[in-house]
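S.K.: Start from the sequences and build out the full structure, keeping to the hints where you can.
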Amino acid sequence: MVALAVINLTGVTVEFDSTRALDHIDLRVEPGEVLSIIGPNGAGKTTLLRVMAGLQRPSSGLLSFRGRAVTDTELPEFRRRVTMVFQKPILFGTTVFNNVAYGLRIRGVPETEVKQRVTAALEEVGMHGLAGRQARTLSGGEQKRVALAMARVTQPDVILLDEPTAYLDRDGVALVDDIVQCFRREGHVAVAIATHDILRVAHLSDQTLILDAGRIRAKGPTREVIREELESLAFGDLTSNLFHGTVVENGTGIEGGYRLSRVRVGHAVSIDVVTDRSGDVTVRIPPEDIIVSREPVLSSARNSLRGTVTEIEAENSTVLLTVDIGIPLVALITKSSLERLKISQGDSVCVTFKASSVRVY
Numbered sequence: 001m002v003a004l005a006v007i008n009l010t011g012v013t014v015e016f017d018s019t020r021a022l023d024h025i026d027l028r029v030e031p032g033e034v035l036s037i038i039g040p041n042g043a044g045k046t047t048l049l050r051v052m053a054g055l056q057r058p059s060s061g062l063l064s065f066r067g068r069a070v071t072d073t074e075l076p077e078f079r080r081r082v083t084m085v086f087q088k089p090i091l092f093g094t095t096v097f098n099n100v101a102y103g104l105r106i107r108g109v110p111e112t113e114v115k116q117r118v119t120a121a122l123e124e125v126g127m128h129g130l131a132g133r134q135a136r137t138l139s140g141g142e143q144k145r146v147a148l149a150m151a152r153v154t155q156p157d158v159i160l161l162d163e164p165t166a167y168l169d170r171d172g173v174a175l176v177d178d179i180v181q182c183f184r185r186e187g188h189v190a191v192a193i194a195t196h197d198i199l200r201v202a203h204l205s206d207q208t209l210i211l212d213a214g215r216i217r218a219k220g221p222t223r224e225v226i227r228e229e230l231e232s233l234a235f236g237d238l239t240s241n242l243f244h245g246t247v248v249e250n251g252t253g254i255e256g257g258y259r260l261s262r263v264r265v266g267h268a269v270s271i272d273v274v275t276d277r278s279g280d281v282t283v284r285i286p287p288e289d290i291i292v293s294r295e296p297v298l299s300s301a302r303n304s305l306r307g308t309v310t311e312i313e314a315e316n317s318t319v320l321l322t323v324d325i326g327i328p329l330v331a332l333i334t335k336s337s338l339e340r341l342k343i344s345q346g347d348s349v350c351v352t353f354k355a356s357s358v359r360v361y
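If you're matching positions, the sequence shown starts at 1 in my numbering and goes up one per residue.
Keep in mind that the hints were calculated from the coordinates and are not lab data.
Don't be surprised by glycine CBs; every beta carbon is placed ideally from N, CA and C.
Just so you know, nobody snuck in bad clues.
Ranges between beta-carbon positions, derived for each pair:
| id | residue 1 | residue 2 | range |
| --- | --- | --- | --- |
| 1 | R80 | R264 | 49 to 57 Å |
| 2 | G61 | G346 | 53 to 61 Å |
| 3 | E313 | G42 | 21 to 29 Å |
| 4 | D212 | G346 | 40 to 48 Å |
| 5 | R277 | G132 | 41 to 49 Å |
| 6 | H244 | L75 | 47 to 55 Å |
| 7 | S59 | T112 | 40 to 48 Å |
| 8 | R264 | R105 | 52 to 60 Å |
| 9 | R105 | G126 | 22 to 30 Å |
| 10 | V248 | R306 | 19 to 27 Å |
M.R.: This is how it looks when you write it as structure tokens:
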């Protein structure tokens, strides 16, 4: 007997005036599955999440929850079982604690249990110390953490994340990874992640679909879809620090409790990564996860390499540095860091990054 999908979309089309935002979408999400929805701005990712959350009525087509059509009568209960975290969090003008407690209180949860569950959720996202702060006075990254706690605390069947790593620092990105991995281990909560970065969520998801102008262009197991997309260079702007390599040694050490392996990329560059795989692999080192310094830094990070700055590209408040370490490595730093370090083209610098930050495909 085939298990019922937790969410099923059949022939879903959404039109705004003369614009078709979604075009005949067929999608099935299983309990415990992590789905990545990938596409550029304007592809329809957020609209698709809103349909899945019951926040956007399709112009045509059907939304089902555990085998039953979601009608107007059943919509309120459906929304209790599905939670969406928006790219820009929507918070109430009250304390962090009260924001996280809201979903429990409207469900009639006893106040003693509310306190326990809210406290646990805030601890999980690293916000327990700010429980009494006014939520709207927090930074963008802190507000995103509160929104994640709000989603977690109600124990939904489905969590929908719209660009979940936007506004987050390195620790916040790692937190999102940890929360999604926690859902995967629990095995019953379905997660859908919408993002433009095909490689940021590749290690988290079981299935991936590519949206292009409101249509599904590709759908299937994540590893297969990503390899096809990279080969077609459909997401060429995301291929910075994407290298083909070979695992040359397993069990090279431990970082954060994870077993490490060494991968050779290029002719003379080897890096430590978290993987048990062998043979040929593709790796990506996120530019935002690289620390740039004049001299080696004291850090638990396993990878520290020296190279020469070959290119400096400023964009708004950030700077992309290309450093030749035997391969061209791109690092993302702030303009203030560039000025503080007084880095110029041709300078020698150190680049440092954790083995756990390297994505292996």
